[in-house]
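Residue numbers (the working numbering), protein chains in the order written: chain P, 1 to 162; chain S, 1 to 431; chain A, 1 to 562.
Since the hints were made in silico from the structure, they are not lab data. Please note that a few of the clues may not be correct.
[Claimed, not checked] Distance condition first, Cα-Cα at most 30 Å in a straight line; then the derived BS3-like pairs of lysine-lysine:
1. P/K17 - S/K186
2. A/K181 - S/K382
3. A/K315 - P/K22
4. S/K235 - S/K38
5. P/K22 - S/K76
6. P/K162 - P/K6
[As the list claims (entries may be wrong)] A few chain S positions that, by computed beta-carbon distances, are all more than 12 Å from chain A:
7. L3
8. E4
9. K34
10. K38
11. P71
12. E73
13. K76
14. H147
15. R191
16. Y203
17. R264
18. C350
19. L380
20. E410
21. L421
22. T428
Predicted, not measured: the structure shown is a model, and the values here were computed from it. Backbone N, C-alpha and C define an ideal beta-carbon position, used for all residues, glycine too.
Below, each chain spelled out in residue letters.
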Amino acid sequence: MSKSVKELLSDKEFIRKVEKLKKLYPEERSSLLALLHLCQNEISYIPHEFQEFVAKELNISPAHIKGVVTFYEMFFDKPKGKYLIQVCRTLPCMLAGAEILLEHISTKLGIQPGQTTPDGKYTLVNVECLACCDKGPAIMINDNLYTRVTPDEFDNILKELK
Amino acid sequence: MALEEKILTANIGKKTSSDIDSAMQGGAYEALIKALTKMTPEQVLNEVKISNLKGRGGAGFPTALKWSFLPKEKKKIKYLVCNADESEPGTFKDRLIIENDPHKIIEGIIIAAYATNANAGFIYIRGEMPLGAKILEKAISQAYERHFLGKNIMGSGLDFDIFLVRGAGAYICGEETALMNSIEGKRGEPRIKPPFPASYGVYGKPSNINNVETYANVPAIIKNGGNWYANLGSKDTPGTRLFGLSGHIKKPGIYELTSDVTVRELIFNYGGGILGDKKLKAVIPGGSSVPVLTSNEIDVEMDSAGLKKVGSMPGSAGVIVMNETVCMVKALLNLIKFYEHESCGQCTPCREGTHFLRLIIEDIEKGEGKEGDLEKILSLCKNIMGRTICPLGDAAAMPCESFVKKFREEFEYHIKEKKCLPETIKMTTVF
Amino acid sequence: MALVLIDGKEIVVNPEETLLQAALRQNIYIPYYCYHPSLSIVGQCRMCLVKVEGAPKLLTACTTYVPELPKEKKIDGKYDMKIFTKSEEVKEAQRGVLEFLLLNHPLDCPICDQAGECQLQIYSYEYGNSRSEFRFEKLHAPKRVDLGEHIVYDAERCIKCTRCIRFCNEVTKSGELTLIKRGVHTYVDTFEGKSLNNPYSICTADICPVGALTYKEFRFKERVWFLQATNSVCPECSRNCSIRVDTYKGEIMRIVPRFNPSVNGYFMCDYGRLVSERIKNKEVREIPSLREKGILEPRMEKGFYKILLSKITRKYEPKDVAVILSGRMTNEELESFKVFSLIVFGEILGDVLYITGEKDDILVKDEKRANYCGAKFFDLKFTKANENIKNIIKGKKLVISIREDIFKGIKEEQVKEILSSVEIFVVMDAFFTETAKMSNFYIPLASWFEMEGTTFNYDAHLQKISKCVSPPKGRKPFYDVVSLMLNLLTEMEIKDFETAKEKEIESVKKVLDTFKERDVMKGGFVPWFKEVKNAIPQLKNISLKDLAPLGFSAKGKKDGDN
Ligand SMILES: Cc1cc2nc3c(=O)[nH]c(=O)nc-3n(C[C@H](O)[C@H](O)[C@H](O)COP(=O)(O)O)c2cc1C
Ligand code: SF4
Ligand code: SF4
Ligand code: SF4
Ligand code: FES
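So here's chain P without its partners, still in its complex pose (with noise of 0.2 Å):
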C-alpha cells in the first residue's frame, strides 16, 4: 500500500527531493511538471491536497496546477491501479494488431479502457503513439516499454507482474 498523501508531505526526504527539483531550473515554475511526476511516482497519483502544496511551493495559482494535471494525459488526479497498462491505440500499432491485443487484455482483465481491476492491480488505458512503431503493437507497463506484444506474449508478460 502506498503512502497517504499526509505521509508523503510529512517526510522529509520527499521534501528534500522537491526543495532540489525546484532549484534544478532556471525559474522556479519549471519544476512543477517534474514535481507532479515525483509526487506520482511515489503515490501513484495526484491528490488535490498535494496540487495546493505545490501552488504554495511555487507560488501559483491552484486553479493553474489543476489547468495543468488535467491537461496532460500521464496525470492522474485519481489513484489509479498498481500497474497502469497503456496500450498503443495509433495507427502504425493498429496496423500491427494493437487492436486485437487490446481486446484481448481487455478480455483477461475484465475491464475497458479508463478502468481499474476491482483488487486495484490493473488500470488499462490507450495512449498515443508511444514512438515505436517499426516495434508494434507496443505496450507501456508502468515505465517500462513493451514491444511487438502479441496476446500470447501479453500473458507472460502479465504472470511476471506481482
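Given chain P, work out where chains S and A with the ligands should sit, using these hints.
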C-alpha cells in the same frame, strides 16, 4: 541511388554507446573541440549554413537561418531548446538517438550554443520515454564531468548549461511554443506567432528550437565541413535522414539514408516489401500529418521537391505503409481520433473541427454515413486549414482531405454499401 | 503610424494597437469573441479573421500589428496594408467558426439569460449559416455549476474564449479560474474548495460573450429586451463607477458597469453592483411621519412640514443645532442644504459624516460614500465616522440627520442616552432605518436611483446620476423637500423670522425650482458653477482657480455618457 552514409547511426548498435567513453571512442565531442579551439562562432554558423541542413522536426526549416534569427548581442539571455517530444504517429527516430547516442545530441547543442552565444539549453523529452530521460540525464552529467558543459567550457570562455525537462503526455507539446509553455510549467497550449521564439521564447527570452536529429547532425557537419554535407544526396534536403518504416512492411525499422531515396526503394529495397506479400495500397511518407500517397505515387524521392510532386511532404520521415487489407476509412478514423484527442482546445476550428470530423468519419466507418458527408469533410478541412493558431489544425485536416480525395471510391462504397471493401475485412497484422 | 485600406476605407493604425483595435476605434466593425480591450490578447476564437492582401492565409485582426512600410514598398504608393473583411473567403471563415461554435452548443436560447445580448446569437444571425447540418449528439458538459457566491457556469454554452480566466488572472490577479482537460473536452473550472469569490466576480458574467456565466442575482429574472436602461453612477464609494441601471416596470433588475475610461474602465465591484439588491430588502415608509404619544404617525405632507418648520425655524441658537450630512447627497442636495440652513438657522451648519473602509488597487476606494468630493467643494465640515456621532450630538437640542443611518447597530438604551439632551430629532432618509425609527420627525427622501443630480468622484470627476425608477409620490429628493419648505415659509408667519429674508427665499427658490430641468452635464460645469455661486452668497469668494487642487480646471466637463 541513395547513399547509406552513417552520420547519425555510426555508434548505434555498439554496446554502451550511450556512455561517454564509448561515445568518445567513436569520435564524440571531437567536433566540439574543433569548433571551440579552431573556429569562431561565425565560422561555425557559416559551416552550418553552407551545409544547408534542414530541420528534421517536420517543417524542414533551414537550421542556420533559424539560428541567425537570435539576437547577436552577447549580453542578452538566449536559450536553446532541443525538441525530444517525438510523438508524431509513425515517427520513432529520435528515440533511437536518445537511447543509443545521447552525446551526439548534447554535442550538437553545445556547438549550436557556441555559434549563437546562448546561455543555456533545455532538452524537452516526452514523458513516455523514462528510459531516454535517464540516459540523457546520465549523459548530461557525464558531459559536465568532462567539462563539455558548465562554466568556461574547455577554456573557451563559453558558459553553457543543459536542463532536462520531462513532458507528461501531450503530442501538442512537440509544437515549439507549446513546448516552451510546458517548460514554463504551463498547459501545453501553443502561443500566437508573432512574436516568434527567436524574440520571445522560454521565459519570454529569445530562444531557438531544433529537433533531436537536427542537432545530432551538427557535429558531423563541423567535423567534415558544410560542403561535404551539402553534397550528400538530395539538393533540397541534403545529408542523411533517419527514415522510419512501420506498418505493413517486412523489415520495419530505422534506415539512415540520403533523401534522394525514392519511396519505392525505401519500401521494397530496404523494407523488404509488403507484409503478407499483399499489394501496396497507401503510404504516409512523413508522419501521420502529411498527405497520404497511393501506390501509384511512390516513384518520387523522399525530399521536399520529390514529395511535392505528389502533393505531400517529407515531414518527420516516418513512413507508414498500408497494404491492400487496410480499410482507409478505418485508418483515417484512427488518425482523426488521434488529432481530436491531442488538440489543445484553444482555438475553435481545431477544437471543434477535429471532433466534428471524427463524428462524420466514425459514422461512415460504422456504416451510417450519409450522402454529402464527403463534401462536408472537405469543407470542414477547408475551414480548419490555415485558420488555427498552430499547425495541428492543418495536420489534422491534411490526412482527412487527402484520404477522402485519393480514396474517394472506397469512402463512397462505405457510405453506399455500409460496409468495408471485401478485401479489407480482415486486416494483415504482425501476428 | 500606418495607413490601412480596409474595405476601401482608410484607417490609421498606431504602432501599439492591433488592426482590430484600430478598426473598432474608427467605427469599422470586425466580429470578435476572445478579444477584450482590457485583457491580454490570445487570438483563440478565430472569429476576427480577415484577408490581408499578399498574405497566404487569413489573419486574426486581433493579433495583427501593422508595421509601416518603407516608401517604395507602400501599396498603391500609400498604404501599409490592404484589408478585406467582407470577401467571400472571410465570410466563409466566419460561417465556419460559427458553425464550429454551435456544434456542441445546446441552443437553449429560449431559456438562456443571455438571449438578446448573446454574441453567439447575434453573430449567427449576421455572419452565420441559416441552417445547421449537425446530426450528431452534442457533447455533454457540466451545467449549472456554482463557481462562486454569485456566478453560475454552464460548460455547454461556453465557447472557451478564456475571457473570464484572463479577467481573474490579469485584473483581479486572484487566479481562481482555469481551463481543465483539453481539446473538445475543455471547460472552465475552479480548484476544489476554492470558489470564484473575488470582489469583482460578477464582471466575468459581463464579459462572457455568451450565456455561460450568469449571476444568481439576475438569473431568470427578466428577458433582457424588456429591460429599460438608464445611465447613472454607483453610490457605494468615491470611485463613482459609471453604471447602467436596467429596470423593468419600475423595479431595478440589475446594474452593469458602463465603460468610462477616466473613472472605472469596463468594470465595477460586486458590492457596488449589488446595491440594488441590498436596497430591496430595506424597510421604507413613503409618508412623512411625526411622533405623537411615542408613536411615529404618518401625516399629510403640508401639515407635517408646517409643524416642523414652526418648531425649528429660528427657534434654536446655531450652537444648539447639529446637522449630520452624508456623502450620499448629490451636489444639488448639498447646495440646497446650504440654502436651507442659511434661511432656517441663519448660518450654514452641518457635519458631513466621513465613512471610510477597505480599499483595493483596482477600483474600490476607502471613502464609502459617493460624493465627499462634492461636500468638500461646497466647503462643508467633515467629521470622521460613527464613533464621533456622540460628540456631534452631545448637548444639542435640535438634531437633523440626512441620508445616514447614524444609529445603526447601536443599542436603543445607548441611543436614548446620546439623545438625552435633544428636544427634536429629525431624520431624512430614503429608508425607514433604525435611526429613522428613533426620530420625532421622519422625512422620506428619494433614493439615489430615484432622482437626478450630479456627483464628484474622488478625483473631482463630475458625473450625472439619473432617475432610473420613479419614487412613490411621498419620497422626494432633498432639494425638492427644501423647495417645498421654502414655499411654506413664505406662507407662514414665523416669529423672529424677518421679512427681509423673504426676498432671499424667492431668489433661491427660483434656482432650486430649476434643478429638475437643469442639466449640469449638458450645460457644462462653468455656467453651473456660476449659477451656484449666485445662489449661495457664501460661495461668492471661491473662484474656479481655487478648485484647481481638486482637479476641476482640467475636468468637470461632460463625459461618461457612452
Ligand atoms: C502539433 C505539432 C507537433 C510537433 N511535434 C514535434 C515533435 O514531436 N518533435 C519535433 O522535433 N518537432 C515537432 N514539431 C515541430 C516543431 O514545432 C518545430 O518545428 C521543430 O521542433 C523545429 O525543429 P527543426 O527546425 O529542427 O525541425 C511539431 C509541430 C507541431 C505543429
Ligand atoms: S490548432 Fe489545435 S492544437 Fe493548435 S492551438 Fe489551436 S486548438 Fe490548440
Ligand atoms: S465562460 Fe464565458 S467568458 Fe469564460 S471562457 Fe466560457 S464563454 Fe468565455
Ligand atoms: S468601486 Fe466603488 S463606485 Fe465602483 S462599483 Fe464598487 S463601490 Fe461602486
Ligand atoms: S478576437 Fe481575434 S481570435 Fe478571438
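Honestly, which of those hints from before does the structure not fit?
Hint check: 3, 15, 18, 19 fail, others pass.
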